[in-house]
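Student: Got chain P; can you put chain X on it based on the hints?
If you're matching them up, the sequences are chains P and X in order. Each residue of the first sequence is one higher than the one before, counting from 1 in the working numbering. Each residue of the second sequence is one higher than the one before, counting from 1 in the working numbering.
Please keep in mind that the hints were generated in silico from the structure rather than gathered at the bench. Careful, some of the hints might be misleading.
Here are the simulated distance ranges between beta carbons [stated by the list, open to error]:
#1 X:S16 <-> P:N206: 51 to 57 angstroms
#2 X:T284 <-> P:L212: 37 to 43 angstroms
#3 P:D209 <-> X:A323: 34 to 40 angstroms
This structure is a prediction, so every number in the text was calculated from the model and none was measured. Quick reminder that beta carbons are idealized off the backbone N, C-alpha and C, glycines included.
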Amino acid sequence: MATKSLRDISLDGLWHNNPALVQLLGLCPLLAVTGSVVNALGLGLATMMVLVGSNFSVSLIRNHVPDAVRLPAFVMIIASFTTVAELVMQAFTYELYEVLGIFIPLIVTNCAILGRADAFACKNPIIPSVVDGFTMALGFTIVLIILGAMREILGQGVIFSDMQLLFGPAAANWKIELVKDYPDFLFAILPPGAFMAMGLLIALKNIIDNKLKEKAEAQKAPVEAGTKRVRVTGKIS
Amino acid sequence: MGLLTLSSPHTHGPNSTSKVMATVILATLPGLAVITVLFGWGTFINVLLASATAIASEAAILSIRKRPLAFFLKDNTALLTGVLIGLALPPFAPFWITLVATAFAIVFAKQLYGGMGNNPFNPAMVGYALVLVSFPVQMTTSWALSTQMSGQATLGFADTLQVIFSGTASLADGFSGATPLDAYKHLIAKGTADSVLAEATFNGWLNGGWEWVNLAFLAGGLVLIWRRIISWHIPLAMLVSLSLCSLMLGWDEDMYTPLSLHLLSGATMLGAFFIATDPVSASTTPRGKLIYGAGIGILLYVIRTWGAYPDAVAFAVLLMNFAAPFIDAYTQPRTYGHAKAKRGLPPKQR
Numbered sequence: 001m002a003t004k005s006l007r008d009i010s011l012d013g014l015w016h017n018n019p020a021l022v023q024l025l026g027l028c029p030l031l032a033v034t035g036s037v038v039n040a041l042g043l044g045l046a047t048m049m050v051l052v053g054s055n056f057s058v059s060l061i062r063n064h065v066p067d068a069v070r071l072p073a074f075v076m077i078i079a080s081f082t083t084v085a086e087l088v089m090q091a092f093t094y095e096l097y098e099v100l101g102i103f104i105p106l107i108v109t110n111c112a113i114l115g116r117a118d119a120f121a122c123k124n125p126i127i128p129s130v131v132d133g134f135t136m137a138l139g140f141t142i143v144l145i146i147l148g149a150m151r152e153i154l155g156q157g158v159i160f161s162d163m164q165l166l167f168g169p170a171a172a173n174w175k176i177e178l179v180k181d182y183p184d185f186l187f188a189i190l191p192p193g194a195f196m197a198m199g200l201l202i203a204l205k206n207i208i209d210n211k212l213k214e215k216a217e218a219q220k221a222p223v224e225a226g227t228k229r230v231r232v233t234g235k236i237s
Numbered sequence: 001m002g003l004l005t006l007s008s009p010h011t012h013g014p015n016s017t018s019k020v021m022a023t024v025i026l027a028t029l030p031g032l033a034v035i036t037v038l039f040g041w042g043t044f045i046n047v048l049l050a051s052a053t054a055i056a057s058e059a060a061i062l063s064i065r066k067r068p069l070a071f072f073l074k075d076n077t078a079l080l081t082g083v084l085i086g087l088a089l090p091p092f093a094p095f096w097i098t099l100v101a102t103a104f105a106i107v108f109a110k111q112l113y114g115g116m117g118n119n120p121f122n123p124a125m126v127g128y129a130l131v132l133v134s135f136p137v138q139m140t141t142s143w144a145l146s147t148q149m150s151g152q153a154t155l156g157f158a159d160t161l162q163v164i165f166s167g168t169a170s171l172a173d174g175f176s177g178a179t180p181l182d183a184y185k186h187l188i189a190k191g192t193a194d195s196v197l198a199e200a201t202f203n204g205w206l207n208g209g210w211e212w213v214n215l216a217f218l219a220g221g222l223v224l225i226w227r228r229i230i231s232w233h234i235p236l237a238m239l240v241s242l243s244l245c246s247l248m249l250g251w252d253e254d255m256y257t258p259l260s261l262h263l264l265s266g267a268t269m270l271g272a273f274f275i276a277t278d279p280v281s282a283s284t285t286p287r288g289k290l291i292y293g294a295g296i297g298i299l300l301y302v303i304r305t306w307g308a309y310p311d312a313v314a315f316a317v318l319l320m321n322f323a324a325p326f327i328d329a330y331t332q333p334r335t336y337g338h339a340k341a342k343r344g345l346p347p348k349q350r
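Chain P extracted, bound-state conformation (with noise of 0.2 angstroms):
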């Protein structure tokens, strides 16, 4: 497999191959959890450590695991930082450890993880495999964020509601109310205003895609015109 530069893996985490926007994977946890930012934030960055970890562990491992064993032990991989992101999620913000609920175990079951591990991990040394996860899961989390930015302001009318549940009592007026007196847009706050939020956002991505091809195209060096010689003695390789 021909190796990339480190910037085009991160390249392909933030945008080409974005988790949630293009492999649309773990959309469980996406579609659920992403009714406010700081649910978001604390679904990202429980799931970034566990792809950086897994990513990590299984590059390590990569020369010594059978293929035909290979799932079972990544799942194991998995499976333990999930478990060790609970603990410190119960340990260090048990309020929102217990808001999220049942998606933190269920990052096991996050098919981005186990498909960076299969797809990449595993046929890579360890520095391009600690950044493909982290770019992998950065991408994954920048998703998360904005989904719960928009489902927070539509939903509720504000921005950044208890975020002290992440970043301590000091957080806790970080929360900017938008409109006043908001009735609630229960449709944005439920999970089907997170797969219309979802499919705005790929929308718009589509979009961007389309006026960065047109301008490479249009940059493209014009094709010469008139005739151009050919080279069509000696060996042609």
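Tutor: Frame of chain P, contents of chain X only:
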């Protein structure tokens, strides 16, 4: 001089989309007039507001999509969507509910799917369902009472405007209340048919309330059938299946809403003739239309009786919209000259 030789058929259609839609809008007017006379100005204002919003959002999206504005605005489909949403919403609904429902219907349910003729779901009902699930409090407490039901004249035009636009809902106190379907469903749990019908909500029952609204929509619908704008299949199937369900499952008036209330209250007639018959999202084959209409009637009864919502036209229609392509695929009529009808999915799609 070249004489143009035209081949048959030589008929020409007097009905353009624009004309059909305009006729449907005209056919809703008796219903709107009856609502306005009996229940006050709320629905009238909602219809105007929703129509304006529908046309504005349609124009906005068309210009973003770089489509010809005048051509698509003249087909009256957006206007009809607006009118139907305005008729469906509660009379005292705050103005932003109308705005959200209509804009969502046009932008998301219609234009994002490709505009006129491409929407798999009835746009008006998507908009209505959105606000119904999103704002349950405003959507259940904003229904007006008729003169007979409240025992006083309806709220004046200026006061109604104030209730809708400035949110001073207290002005509507005494003029708003539960709909008959809602009231019957909740009261019958603790009483008998006689005790429920003695409640104030049923003061005007068969005497100047919802049944006249439904009869007016029925009349408008019959005009549409007479003008061949809609066929009789969907409304008839829907009303018959609703009646059969009610007669077989809910014959006991002391336990379930009676048939008369099912047929002549809520959005039954508006739904049967104006909403379920949407030519884009409904089934298109004759047998398919019967199945489609019957499905709506059954779902309507099931959700009204055992569901959490008092009325269910929006949900029933949307659920059957899901099924319409499937029904169509299996009810294709036999084409003249072919021995057998081609039913089911074409081979490549299997």
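Student: Compare the structure with each hint and give your call.
Tutor: Verification of the hints:
no.	hint	in the structure
1	X:S16 <-> P:N206: 51 to 57 angstroms	violated (35 angstroms)
2	X:T284 <-> P:L212: 37 to 43 angstroms	holds (42 angstroms)
3	P:D209 <-> X:A323: 34 to 40 angstroms	holds (35 angstroms)
Going through the hint list in order, the structure does not satisfy hint 1, though it satisfies all others.
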